[in-house]
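Asks: Got chain A; can you put chain B on it based on the hints?
Listed below, chain by chain, are the residues.
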Amino acid sequence: MTTHSKRRTVAKLLAPLVAFGLVAAACGSDDDSSDSGADTTEASGSETSEAPGSASTDAAVPDGPTIRLRGQDFSEAITIAEVYGQYLEAQGFDVEILTPAGFRTEALDGIQNGDLDLIIDYIGGTQAALAPDAPPSADPEEIVAVIRPAVEEIGGVLLDYSPAVDGDAFVVRGDSEATTISDVAGLDYVLGASSQCPERPQCLIGLEDPEIYGITFADFVTLEFGPLLGEALSSNEVDAVIWNTTAPQITDQGFKVLEDDQGLFPAQNIAPIVSTAVLDAYGPALAGPLDDLSALITTDDLLAWNTQTDIELRESDAVATEWLESKGLI
Amino acid sequence: MVVARPGQTAVPRDIGFFEWFFDADTWTGNGGIIESLIDTVVLCAAATAVAALIAVPIAAVLAHYRKAQVASTWLVSLSRAVPTFAIAALLVPWSLRRGWGFEPWPIFIALFLLAVVPIYLNTYVAIRQVPEGSVDAARALGYGESSVLGRIEFAMGASLILAGIRVAAIQVVATEPIRAFLGGDGLGRYVRDGFGQNNTTLVVGGIILIGGLAAITGLLFVLLERLVLPTGVRRLVRQQGERQP
Numbered sequence: 000m001t002t003h004s005k006r007r008t009v010a011k012l013l014a015p016l017v018a019f020g021l022v023a024a025a026c027g028s029d030d031d032s033s034d035s036g037a038d039t040t041e042a043s044g045s046e047t048s049e050a051p052g053s054a055s056t057d058a059a060v061p062d063g064p065t066i067r068l069r070g071q072d073f074s075e076a077i078t079i080a081e082v083y084g085q086y087l088e089a090q091g092f093d094v095e096i097l098t099p100a101g102f103r104t105e106a107l108d109g110i111q112n113g114d115l116d117l118i119i120d121y122i123g124g125t126q127a128a129l130a131p132d133a134p135p136s137a138d139p140e141e142i143v144a145v146i147r148p149a150v151e152e153i154g155g156v157l158l159d160y161s162p163a164v165d166g167d168a169f170v171v172r173g174d175s176e177a178t179t180i181s182d183v184a185g186l187d188y189v190l191g192a193s194s195q196c197p198e199r200p201q202c203l204i205g206l207e208d209p210e211i212y213g214i215t216f217a218d219f220v221t222l223e224f225g226p227l228l229g230e231a232l233s234s235n236e237v238d239a240v241i242w243n244t245t246a247p248q249i250t251d252q253g254f255k256v257l258e259d260d261q262g263l264f265p266a267q268n269i270a271p272i273v274s275t276a277v278l279d280a281y282g283p284a285l286a287g288p289l290d291d292l293s294a295l296i297t298t299d300d301l302l303a304w305n306t307q308t309d310i311e312l313r314e315s316d317a318v319a320t321e322w323l324e325s326k327g328l329i
Numbered sequence: 000m001v002v003a004r005p006g007q008t009a010v011p012r013d014i015g016f017f018e019w020f021f022d023a024d025t026w027t028g029n030g031g032i033i034e035s036l037i038d039t040v041v042l043c044a045a046a047t048a049v050a051a052l053i054a055v056p057i058a059a060v061l062a063h064y065r066k067a068q069v070a071s072t073w074l075v076s077l078s079r080a081v082p083t084f085a086i087a088a089l090l091v092p093w094s095l096r097r098g099w100g101f102e103p104w105p106i107f108i109a110l111f112l113l114a115v116v117p118i119y120l121n122t123y124v125a126i127r128q129v130p131e132g133s134v135d136a137a138r139a140l141g142y143g144e145s146s147v148l149g150r151i152e153f154a155m156g157a158s159l160i161l162a163g164i165r166v167a168a169i170q171v172v173a174t175e176p177i178r179a180f181l182g183g184d185g186l187g188r189y190v191r192d193g194f195g196q197n198n199t200t201l202v203v204g205g206i207i208l209i210g211g212l213a214a215i216t217g218l219l220f221v222l223l224e225r226l227v228l229p230t231g232v233r234r235l236v237r238q239q240g241e242r243q244p
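Chains as they are written, first to last, in numbering that gives the first Met the number 0: chain A, 0 to 329; chain B, 0 to 244.
Hint data in this document are derived by calculation from the structure and do not stem from the laboratory. Check the hints yourself; a few may be wrong.
[To be verified] Per label pair, the in silico range of CB-to-CB distance:
{"#": "1", "chain 1": "B", "residue 1": "Trp93", "chain 2": "A", "residue 2": "Asp174", "range": "18 to 26 Å"}
{"#": "2", "chain 1": "B", "residue 1": "Val203", "chain 2": "A", "residue 2": "Pro200", "range": "22 to 30 Å"}
{"#": "3", "chain 1": "B", "residue 1": "Tyr64", "chain 2": "A", "residue 2": "Ala100", "range": "51 to 59 Å"}
{"#": "4", "chain 1": "A", "residue 1": "Ala100", "chain 2": "B", "residue 2": "Gly211", "range": "31 to 39 Å"}
{"#": "5", "chain 1": "A", "residue 1": "Glu140", "chain 2": "B", "residue 2": "Trp26", "range": "42 to 50 Å"}
{"#": "6", "chain 1": "A", "residue 1": "Ala184", "chain 2": "B", "residue 2": "Leu74", "range": "54 to 62 Å"}
{"#": "7", "chain 1": "A", "residue 1": "Ser325", "chain 2": "B", "residue 2": "Gly211", "range": "53 to 61 Å"}
{"#": "8", "chain 1": "B", "residue 1": "Asp22", "chain 2": "A", "residue 2": "Asp260", "range": "31 to 39 Å"}
{"#": "9", "chain 1": "B", "residue 1": "Gly15", "chain 2": "A", "residue 2": "Glu321", "range": "51 to 59 Å"}
{"#": "10", "chain 1": "B", "residue 1": "Val41", "chain 2": "A", "residue 2": "Pro200", "range": "33 to 41 Å"}
{"#": "11", "chain 1": "B", "residue 1": "Thr199", "chain 2": "A", "residue 2": "Asp251", "range": "31 to 39 Å"}
Treat the numbers as computed from the prediction; the structure is a model and nothing was measured. Every residue, glycine too, gets a C-beta built ideally from N, C-alpha and C.
Excised from the complex, chain A in its bound form (with noise of 0.2 Å):
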């Protein structure tokens, strides 16, 4: 009797050992990774390699190392992989997709280790990341001069940055007198946001500084990333989130993005970053296309992609190629 209820404690004793496995592993993502079926796609564009279609670069097709990327494992990220990927292909050069998996630390890892030849990231995340002691800025450039060197040390080259800006964004129910952050600073509001924030000078520690925004919460609240800061919003829970730019819900749920008037926020504009010995390889064939195509992404973009992976729960690759193909980049 005795050592069947023990047998029986122990087996219970590891049920929320494997609960909070399945936390630790959730509350990791930025994001809600709603594809993890992207696997390598590279039927979309090796056929057609030799078709005319492919008419802003030169006819011959690139001759060099296949080009292995992967996107970080949520939506927007797999997403961007697949664009930049399936962009590549069409443009003849020899591309791996690989699943997607980790987030910026394995990203930056696998340009380091050799693992991968091109990751697309977010400026101001791979500032934080390389340079963490550099002061954070909302004026990109400054971001590229720190981060460029940065990127070199571990064996890769960072190519111009997009238009396109996922960023901190402070977020408010529609209905709030608000327009920038600074209009909060009266408002008594409770805060949500990850557990990060309270450490970071960019979120809590900045919006409290008198010098900066000087804003004094009613509360703050720890809500991990994704679709609870929503819910918690508009069921008055919280009066404000600290969320992302180009996330769906918030204009889905009638949310509207606060100004940021003080330039707390980095700025967080995508950018691919590609190993120094694929690009040695190939050479201004590869970076040209590669800087034209993130010329052509833009916020909105980023946000219709969230729109569609995340609130219409479509596939990315489908999401990538029908972008490409309006744009006549495939």
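Replies: Here is chain B on its own, set in the frame of chain A:
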């Protein structure tokens, strides 16, 4: 005005565990260990107590009349397969839309469902395994059905019933920290903040606090079993234990 903000916000990453743990500020104030501990203990006690109050009578009566034997073992065991975190996470949007907030209902219901299973199963088995002879003897002495259940079966099964509640309480304490990931606080906040801020000291601290509380909970129930069990029944339990190794 003092800003209400989560405690432990500025815990440096390189702080040693002991340095953190024995700092007075770690324990007091908004989000300190004492406040978090009270949050956790209150919720766990409530969930376990409500589960026991509901599950013990139902299981006892069903077992006494030998009803729902298949359903008891199969259905209730099956409910263990549903992860508590998933239940709580599903209930959070539901609770928010009704204006009930993050707490306490989603996490309370999830923990209640977690606790009901071992309490129900143990109670059912406890009543079921009371020797037929004892029950027949009681009936021969003129005991009615409610007296047989209340005075014979309940007393002889008390040890197993309490063991079920103990198992449930330990499970609840070990699982309750998920509330920190669903808009709540409690001791799980150290694990959550530690993961979020990449601060191992906080994660380790949270694990030690939660594990410690679970260990103390188990110990308290062992003491409780000693206090409430009649001496005769305790001797009986010991003998039964010797007979079936």
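Asks: Give me the numbers of the hints this structure contradicts, sorted from smallest to largest.
Replies: none
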